[in-house]
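Chemist: Since each chain comes alone in its own frame, lean on the hints to assemble the complex.
Protein sequences, first through last, are from chains Y and W.
Residue numbering for the first sequence follows the working numbering, starting at 1 and increasing by one per position.
Residue numbering for the second sequence follows the working numbering, starting at 1 and increasing by one per position.
Note that these hints are calculated values from the structure, not bench results.
Every residue gets a Cβ at the ideal spot worked out from N, C-alpha and C, and that includes glycine.
There may be inaccurate statements among the hints.
[Unchecked claim] Have a look at the derived ranges for each label pair, beta carbon to beta carbon: (1) W:99 / Y:227: 49 to 55 Å; (2) W:97 / Y:242: 48 to 54 Å; (3) W:21 / Y:272: 36 to 42 Å; (4) Y:341 / W:96: 47 to 53 Å; (5) Y:272 / W:26: 45 to 51 Å.
[Said to hold, decoys possible] Interface residues of chain W toward chain Y, partial, derived using beta-carbon atoms under 8 Å: (6) 52; (7) 77; (8) 80; (9) 84; (10) 86.
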Amino acid sequence: MKIITREEVRPLAMTVLMLIFVIPVLIIGLFAMRDQVTRTFRNTENVDVAQHRVFLIRTDQLNEETGMRGFAATHRTIFLEPYHVALSVIGRDFDQFETELLPLNVSGVSNALTDARTTNAVWLHTVAEPILAGSLNSTDLQLRGKELVDRFRRDMQRIDVLIQERGAVLDNEAELSIDHIGFLLLVSVIALVVFGFASFRDRLLRLLAGEKRSSANLRVLFETEKRISNMLQEAFLQKPLPTFSAMSLSATYVAASDTAKIGGDWYESLELSEGRVLFAVGDVVGHGLDAAVSMNRARQALISSAVVDIDPGSLLARVNADLLHQHEAMVTAVCGYADSRNYRFTYATAGHPPPVLLEPGQSPRFLQGGGLPMASIKGAEYRSRTVQTVPGAMLVLYTDGAVEYSRDVLVGEKLLLDAITGAAGDGSLEPAIAIRDALFRERNNSDDVAIMTIAFERSPRLIDRAENIYDDAYDNARSYSS
Amino acid sequence: MNANSTFDTIALAGELDIARRDEVRQALRIDGPGSGILVDFSEVVYADSTVIAQLLRFYNDAGELKRRVAVLIVAPQLIRLLQYAGLSEIFPLFTERSAALNYLSEVGDKS
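Next up, chain W with everything else stripped away, as it sits in the complex (with noise of 0.2 Å):
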């Protein structure tokens, strides 16, 4: 998706609810092995529970297609929301688009 880099980039923005369901599904789709993927939450500012299911199923296809995912979250309260669901610990989250574009070169240049 990117051109100049190794990654590929899901971008996302506003509110994510249960009426944009569809979109997110079709938006966190893997489908095939390749590189990381940063998943680009930076504009999202609330997540309910739909989206978290959601974001638990992509972080399954990430792990069985052995792809590495850094997720940016800016808002706090998205960063809060993630914290209940669990995401903090299994998703490498960052705040800073830098710090996970680092990270996923770091990666790459691992595999």
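Bound conformation, chain Y alone (with noise of 0.2 Å):
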């Protein structure tokens, strides 16, 4: 069940307030708007009626009066025909016209009508029938009856006049009342907007700044990862390599030129006593700061072990145990003895490729390799080997980038070679770079390629040479890291 939070709680409140209030207003107010409309066609429609009544009654008392008229002046009763017909419907007008002006509700219309139908009256009784009976002529008719039909008429005019104000007021009563209603309806709209807005402004809100957030965090931490990385891998990688009696080392680290695929390549030293050296190069599967962590404990691992002085299989075999202890990612690694005493190279590999050996007056060649990968299959064990060399003889090892950059590692093999043949016969103090820039002067490495060499000296050194190979590992190494 979901649980409403306490930010959730005020726009929820909102959207209730907005049902409770906001939508009936809006109903009643459509309501009030449609009554409205229809109430101001129905008062203008009265107020027609009543004037076309109106002018009704003023042409029947016309009618009246132009037919008294032509019988008073002629005696002839061809004359007398529209007074009838006004006689005979001016009665009904009247009544009608009552009845209209009922819902009209015209305040003083009455005693106005009440005025002009009794001096209407008073006009057939007074004037109308004694002409009629021949008591009255055309004079009488024109000065009696006239201050009679005046009166009549300005009763009827006046009726005329509180009409149409009665029209106007109502007309003015409607247009108000529509504004107002109009006004009630766009509050009511824009009330519905507001509480929408509102409703969803936090959410809105919200959803904005953790998209920000979230891709500001996933930049710093790609950052924050990178930096770290690289860091680490300057660390380990960079400083220079200690002098050792009887045994020169050398060794480069070249980071991938994608730099998306810089990743846990490595090597170490490590004097255990006099004439007897521990090497290693390996390398983390994977990129990123898991992959330099993973790399940092595979050599504390083997450093830690190393110094009990074990056979290297045995060596691997407890880092494999290490690291799949701690759920590392996995790791390949070539390492072992050289040991200056007797020119022996002892040496192990878990999943790398196999060390190659280069002996004066001979051809690089492969060692044999093989051994699982570390950290991935529990209990795997690891093979020593022991090779019996002579003064002068070098061992060099490397990670997979640099025989795997065409993808064919025959081919990359065979260059490889080749590197070393040229490094040796060019008789560089630092052949690992040799052999670095032989195989990537005209190469791209896609992958971290790391290479060491440990070659046995010739003859004994001299002390102040020895001095002059450090600095000079120093100073390249220096070199490289900026």
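Modeler: Right, here's the structure in full:
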């Protein structure tokens, strides 16, 4: 079931308020508007009908008078026709007029109407009837009748004006009323829009803010991870290698040209005792911070196990167990010991390309490799191999980036052997860098590459030369880190 | 999957790298116990370390579900890569299809 949070209460309350108040107001307003419009039409119609009736009554009266004048002047009954017609309808017109005036509710009109009706009756009684009877002539008609007729006309005029005024008032009222209802409707619609916006504003703002925040967070995370991973790699790889008696080491690391692929390639060396050196080159599957962390753990495990000086196969088995325990990413590695006292290399590989051995006067050759990558199979066993070499022999260790750039590892291996032959022929003091240059001068390294060499001295070395090598290596490492 | 035999076939081709990780993961998923599995990589020429990692996971899964696996690979450079990765020590690798099928049918007889 969904639980309503505190932030959601406000928009919810807004919505309820909107439903309770605004919508009924809107509905009532719409009905009132319809009502008012109907009423306005009816009023206009009533006013028209009343004014038309005023016109009819005036016409009736005019017909009466016209007929009577004609008759009084000529005594011919033919002139009485309009008089009789008018007489037969004027009463009904007055009655209907009264009915028609009722809905208009015109104040003061009934007095005027009564007066007009009475005046007409008096005219009929005191003017028309005596003329018909012959007791009045046309002069009397003009004298006595004029007064009454004028009075009647004034009354009817007054009624007409009153109706007109009433009509104007009604129009005004209707206009005002429609204005009010319209205003009410407008307010309701605005309220609807405002409530609607208020209800969703918080949510909209939250959504927008959340969107911004998450993209900013992602960017920060990405940059942080990249920085940390770069820092770790620099810290681990760019340090100068130590110098060892009767042995010379060189190493290089090249970050992938595709920055997204910068990963966990590493190398390590440690002098365990006079003339006995631990060496290791490894590669963590994956990229970024996770890879850097796995790399660090693998190196720590390797060094801490190497201190008790066990064989390389057992060393890798221990690291494998440790990495599996920590659920780290898959790591491939080659590690071993170089012993300058008997010119032996002892090594083991874990899912890693095999080392290359170069002996004086010989072509370089791949040693045997194999073994499963670490952190993949529990209890995996690693075989230690020992190679008896001679003074001047060099072991080359590398990561798969040095042989896989063409994706045909057989081609890559041949090019690596050529590069090693070339570096040895040049007599470079930094064979790892010479090999790297030979491999990548004309190719892009899409993956990371780490290369390390360990060479036994051809003859006992001099102290001052050792110091020179150290300085060179240090300068070289510095120039590469910048 | 294969109606004419008693084993399943997983076939992939081309260069298998991180870009095809999801496809490879999907292909190398084992749903439950059953017959032997022929991993037909005869058309595969490259496998990067992420695919090696997936093959190792596949090896673990197959072992847990007691399903025997034969891997058919032909490209020499791929054979070399799998040797690097030590996979040749745990997977029965075959360069001939008939040999792989023989191996799987022997396993079938045993179980």
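Chemist: Can you tell me whether the CB distance of residue 341 of chain Y to residue 96 of chain W sits inside 47 to 53 Å?
Modeler: holds (48 Å)
Chemist: Checking hints one by one. Is residue 84 of chain W an interface residue toward chain Y, by the C-beta closer than 8 Å rule?
Modeler: Because about 5 Å separates residue 84 of chain W from the closest Cβ in chain Y, which is inside the 8 Å limit, the hint holds.
Chemist: Have a go at the residue 52 of chain W hint: is there a Cβ in chain Y nearer than 8 Å to its own Cβ?
Modeler: holds (7 Å)
Chemist: With chain Y as the partner, please determine if residue 80 of chain W meets the hint condition of a C-beta pair closer than 8 Å.
Modeler: Cβ of residue 80 of chain W sits 5 Å from chain Y, so the hint holds.
Chemist: When you take the CB atoms of residue 99 of chain W and residue 227 of chain Y, is the distance between them in 49 to 55 Å?
Modeler: holds (52 Å)
Chemist: If you take the shortest Cβ to Cβ gap from residue 77 of chain W to chain Y, is it below 8 Å?
Modeler: holds (5 Å)
Chemist: With 8 Å as the cut and Cβ atoms as the points, is residue 86 of chain W at the interface with chain Y?
Modeler: With a closest approach of 4 Å, the residue 86 of chain W hint holds.
Chemist: So does residue 272 of chain Y sit 45 to 51 Å from residue 26 of chain W, Cβ to Cβ?
Modeler: About 47 Å separates the Cβ atoms of residue 272 of chain Y and residue 26 of chain W, which means 45 to 51 Å holds.
Chemist: I want to verify a distance hint. Is the separation of the beta carbons of residue 21 of chain W and residue 272 of chain Y within 36 to 42 Å?
Modeler: At roughly 40 Å between Cβ atoms, residue 272 of chain Y and residue 21 of chain W fall inside 36 to 42 Å, so the hint holds.
Chemist: Per the hint of 48 to 54 Å, is the separation of the Cβ atoms of residue 97 of chain W and residue 242 of chain Y within bounds?
Modeler: holds (53 Å)
Hint compliance for this structure: every hint is met.
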